[in-house]
Amino acid sequence: MNVPGESLGHPAARALTERHRIRAWEAFPWLLAIAFYFAFPRHLGFGTEVLVMILFAISLDLALGYAGIITLGHAAFFGAGAYTVGMLAFHGVWDEPITGLILAAAVAAVIGLASGLVLLRTTGLTLLMLTLCTMALLEEAANFAYTYTGSFDGLPGITFKPVLGLFEFNPLIPRTQYLYALAVLFIGFVFVRALIYSPFGQSLTGIRENTLRMHAVGAPVRTRLVVCYTISAAIAGVAGALWAQTNLYVNLSALNLERAATVLIVLVLGGYGRLYGSFIGAVAYLVLAHFLSQLYPTAWQLGLGLLLVLIALFARNGILGLFDMLRRHFRSRRPHS
Amino acid sequence: MTTTLLETRNVSKSFGALRAASDINFRIESGDRRALIGPNGAGKTTFINLLTGVFAPTSGRVLFKGRDITELPQAARVKLGIARTFQINRLFRGLTVLENVYIAVAERLGVASAMLRPAGSCREVIEESMHLLEQLKLADDAHHTISELPYGRQRLVELAIALGLKPEVLLLDEPAAGVPSAESHIILDAVDALPPHIGVLIIDHDMDLVFRFARHITVLVRGAIFAEGTPKEIGANPDVRAVYLGQAGHG
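Residue numbers (the numbering used here), protein chains in the order written: chain W, 1 to 337; chain E, 1001 to 1251.
Keep in mind that a hint or two might mislead.
What the hints assert, rightly or not - Have a look at the derived ranges for each label pair, beta carbon to beta carbon:
1) W/Leu164 x E/Ile1088: 54 to 60 Å
2) E/Ile1088 x W/Gln294: 30 to 36 Å
3) W/Arg21 x E/Pro1180: 51 to 57 Å
4) E/Leu1194 x W/Met129: 42 to 48 Å
5) E/Ile1088 x W/Arg21: 50 to 56 Å
6) W/Val110 x E/Gly1066: 31 to 37 Å
7) E/Gln1135 x W/Thr126: 37 to 43 Å
To be clear, the hints were calculated from the coordinates, so they are not data collected in a lab.
C-beta: ideal position from N, C-alpha, C; glycine also.
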């Protein structure tokens, strides 16, 4: 009675079969990033910082925005990645950048897996506190291991081999850094994008929306969360390694609370669980921080604080959520044909 | 030929001093259309939670097809073929109706942990989900998010998710509560359309629904089985009338 494939013609089914398709506007951020390279050759250092922040925020979005894992300690993995490449290069063990990223991902993933297996038995405020504790433990460990990490002074003046043996990292003209970060971000983004539109990603949103029901449909909830957390940690580790490689130094700021809070603010500002929220949030936050700190060198964080209050009051879903609201508003005002 | 699907042997559950289930011996056989009734606080939902593994019994065993599943967690029992709906909707509120059912169907077909293929390319999951929605007259709402639907329609999604698991035992916890009476027949029709060999247990306060649906009724009072029988026997049982039907008459 039912023709096979017939029900796929339903608008809802079509929306689902087509939602992972790449849309034309999705080229826009990448074109903008390339245009930035040519238009602002003197601000590529700043640009690199934005790209690293986007990748870090994407990793957090996967865990927090999609799977609903409430974490305030994501800098633990960022720092683990940064110190992995930093220490290996500083002590002359390994300084090839691309394999360095892979090592950083592996180290961060192991920490994510080990901590996730314990942490993800809890939820809510307990989970939040435990993620914070994990990060604090790592930070203290890095602080104590002076011989390896340089403690508070960090590891300055690290050098890395040229990317692919061709492109040198020049601290004064960070062209290589920018393009390298852009390439790594692109790969990371493509991976996360595929992940969130997969059945696995769909089940993560299920866990976020109703964990109890996920148990009742037979989903191995904790396994999925641990896998998600591990992947998210690995990507955060890559972002941290990228940060160390493009800045040519590592210090404790890689895994402190300020970094963890900043990436959370970036994600909330842009809109979490929306894939592109990280892009918008990172650009908005860093550009604003840049100009505000120039205008009001002592009180610039006040401006950011006010902005956050406004976002929390009027745009719960961040800047992208605001766009959605406007779009819905205009669509509902347009007379139906 | 009937086989015993789900069975409890002397199952008890205490919450502190409260004995929510005491010495319950109960079985659901293939093809069963059974109802569990009882006054408020009789322990009906507790019993469902014991059957599905939300918590473990204080004492006693739970068996599925003769196999002891007392220690088995919830998700593993679902894989065996035990599905339930909830008295209060437990839906994926921010997702569309289709996505809600998709999650259950994908889980059953074992594709839900696939990472590197788009969810939209699993056509068999989408087709089956849409088919279910059509059966429950939900197809027109398939693209709406749950929070956009009236409560009665949400109840149907609740049922759709459970049906997407193609269970052998289906436990329905007040499936028609909050559904406008004009729509409650959709739920019964859907239950009638289930494969005849699966066992269905329904908990409800709606006596019309219970008596229309059930071939066997179990009455639970203060955590213990009070009476069992066909609808006719239960309806004629003066004790049941006294503790339950009489009470319901006042309400």
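Query raised in the report: Cβ-Cβ distance between E/Ile1088 and W/Gln294: within 30 to 36 Å?
Result: For E/Ile1088 and W/Gln294 the Cβ distance comes to about 54 Å; the hint is violated.
Requested in this report: Take the C-beta atom of W/Arg21 and the C-beta atom of E/Pro1180, compute their distance, and say whether it sits inside 51 to 57 Å.
Outcome: 39 Å, violated
Query - Cβ distance range 37 to 43 Å for E/Gln1135 and W/Thr126, holds or violated - result: Cβ of E/Gln1135 to Cβ of W/Thr126: about 42 Å, so the range 37 to 43 Å holds.
Requested in this report: Using the beta carbons of W/Val110 and E/Gly1066, state whether their distance is inside 31 to 37 Å or not.
Outcome: Violated, since W/Val110 and E/Gly1066 (Cβ atoms, about 43 Å apart) do not stay within the stated range.
Query raised in the report: Does 42 to 48 Å hold as the CB distance between E/Leu1194 and W/Met129, or does it fail?
Result: Hint holds: Cβ distance 46 Å, inside 42 to 48 Å.
Requested in this report: May I ask you to test the hint 54 to 60 Å on the CB atoms belonging to W/Leu164 and E/Ile1088?
Outcome: 58 Å, holds
**Report entry** Consistency of beta-carbon spacing, W/Arg21 to E/Ile1088, with hint 50 to 56 Å
**Finding:** 37 Å, violated
Going through the hint list in order, the structure does not satisfy hints 2, 3, 5, 6.
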